[in-house]
Amino acid sequence: MSSKDLIQSGILELYALGLCSEEESSRVEEALRSDSRVRKEYDEVCEALDHLAIEQSVEPPSFLKGKLMDKVDVLEQKAVQAEKPEKAEDTPAKPLKKDLKQEVPVRAIGASRWQWLAAASVVLLMASAGLNYNFYQRMNSAEEEAAVLRNNNMLLSDENGIIQTNYEVMQQQYAFLGDKNLKAASLFGTKAYPELEALIFWDASRGDVYLVANELPALGEDEQYQLWALDNGIPKDAGMVPSDFKDGGAYKLKNISSSQAFAITIEKKGGAQSPTLEKMVVFGNI
Amino acid sequence: MSNLSTSVSLVEQIRAGDRQALARLYDAYAGMVYGVVLKMIRNEELAQEIVQDVFLRVWQNIDKYDEAKARISTWIINIARNRTIDEIRSKSFKNQQENQSLDVSVNEGEQGGTTEMKVDAIGLKSVINRLRADQKQLLELVYFGGYTHEEAAKELSIPLGTVKTRVRSSILELRKILKVE
Chain U
1 MSSKDLIQSG
11 ILELYALGLC
21 SEEESSRVEE
31 ALRSDSRVRK
41 EYDEVCEALD
51 HLAIEQSVEP
61 PSFLKGKLMD
71 KVDVLEQKAV
81 QAEKPEKAED
91 TPAKPLKKDL
101 KQEVPVRAIG
111 ASRWQWLAAA
121 SVVLLMASAG
131 LNYNFYQRMN
141 SAEEEAAVLR
151 NNNMLLSDEN
161 GIIQTNYEVM
171 QQQYAFLGDK
181 NLKAASLFGT
191 KAYPELEALI
201 FWDASRGDVY
211 LVANELPALG
221 EDEQYQLWAL
231 DNGIPKDAGM
241 VPSDFKDGGA
251 YKLKNISSSQ
261 AFAITIEKKG
271 GAQSPTLEKM
281 VVFGNI
Chain D
1001 MSNLSTSVSL
1011 VEQIRAGDRQ
1021 ALARLYDAYA
1031 GMVYGVVLKM
1041 IRNEELAQEI
1051 VQDVFLRVWQ
1061 NIDKYDEAKA
1071 RISTWIINIA
1081 RNRTIDEIRS
1091 KSFKNQQENQ
1101 SLDVSVNEGE
1111 QGGTTEMKVD
1121 AIGLKSVINR
1131 LRADQKQLLE
1141 LVYFGGYTHE
1151 EAAKELSIPL
1161 GTVKTRVRSS
1171 ILELRKILKV
1181 E
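Order-wise, the sequence lines are chains U and D. Going by our numbering, the first residue of the first sequence is number 1, and it counts up by one from there. Going by our numbering, the first residue of the second sequence is number 1001, and it counts up by one from there.
All the given hints hold, so there is nothing to weed out.
Calculated cross-link-like contacts (lysine-lysine; reagent style DSS-like; alpha-carbon spacing at most 25 Å):
| hint | chain 1 | residue 1 | chain 2 | residue 2 |
| --- | --- | --- | --- | --- |
| 1 | D | Lys1069 | U | Lys4 |
| 2 | U | Lys4 | D | Lys1176 |
| 3 | U | Lys40 | D | Lys1176 |
| 4 | U | Lys40 | D | Lys1179 |
| 5 | U | Lys268 | U | Lys252 |
| 6 | U | Lys78 | D | Lys1064 |
| 7 | D | Lys1064 | U | Lys65 |
| 8 | U | Lys40 | D | Lys1164 |
| 9 | U | Lys40 | D | Lys1069 |
| 10 | U | Lys4 | D | Lys1179 |
These aren't lab readings, by the way, just hints derived from the structure by calculation.
Please work from the sequences and hints to get the whole structure.
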């Protein structure tokens, strides 16, 4: 991945927010080390995020600082104690009161064998508990991930089914395109309906007529499109376009053996004996 | 406060075990840490505990801090956010939230009026409020809410890919606003 791609992928932002997987993190860290452009971009991301935090500032109560510094002192004392175990052995009778409360595992100096064993087993138990907890967490997150993946998989498979069905329908609808004797004609919108358009495929030898409804708006409940074939100026009913027609769908209508032009009118549901000329929407010669 | 050379020398002093240096670092960043934690957890007592904990961790882990990797403010905020997220996800915190009815928490907010008001007063002019609503919502979730991007996608009912691109676009927008200022 080039540095530009990496920057644009948004992964730096996720890394700055601590939302990257280990693998992603190491990729980002590698790029941060080796690429100054990535580095600069990342610094700016961090600066913007820091700004979010800085402007949230609320002064904590003043006693808090004292409490913190006390805790630091306690920590430091512990560290000093831990560094001088030899001395502790010399003066085992005088431990500081504070330490008694704070310390448990460190002062095993001069202890008997069973005390050592007890201490060791406690440490082992704690380590094992920690490890268990860690594994448990990891298992949980793995399970969650698996659930998300399963879900995605199901969605994909659903979508795939829908696409497959649509494809089969289209294939059936357009199977006639293999017909060698097929003639095609565009039917264009009349003056009153300039936006509309439809396509006619006609096999004169067999009489098959197919209509492709590519620019026909949906009609009201009680209306329907009707196709007419004009043979020597006389309109013949060429069939009704199904009420539930779909945009771009192809429909086989009535057989017509002789025609020089086709037209579509809007008629009452079920169709009319003769076309309502003022409701003629598209027309085209073969 | 974010003067770079001051931060670097402070870090050096803390590494050398200088407690006064930690106190100065606290003076510089405690407000920021307390504000962020308070926004995330909305409980003053817990937030104060966490602030102490964050600076103790800074003290104990300063050797792990790498100037080349992050600014000290970024490092500290991330410690604070992670510590608070752990708290939010802990059992005891969840139990406490469940036991606390909505009424009680509203009343508490009124009692602790001073801090709440401060937060709001700052909130009004903050940059995050100048983002588009969808960008603001997402950043609030992932930055202050401790949401992972998967959780955010679920919460907002948008695809994971959209979360990723929207995180980036929100931060880009933030940067633009900050540059103009």
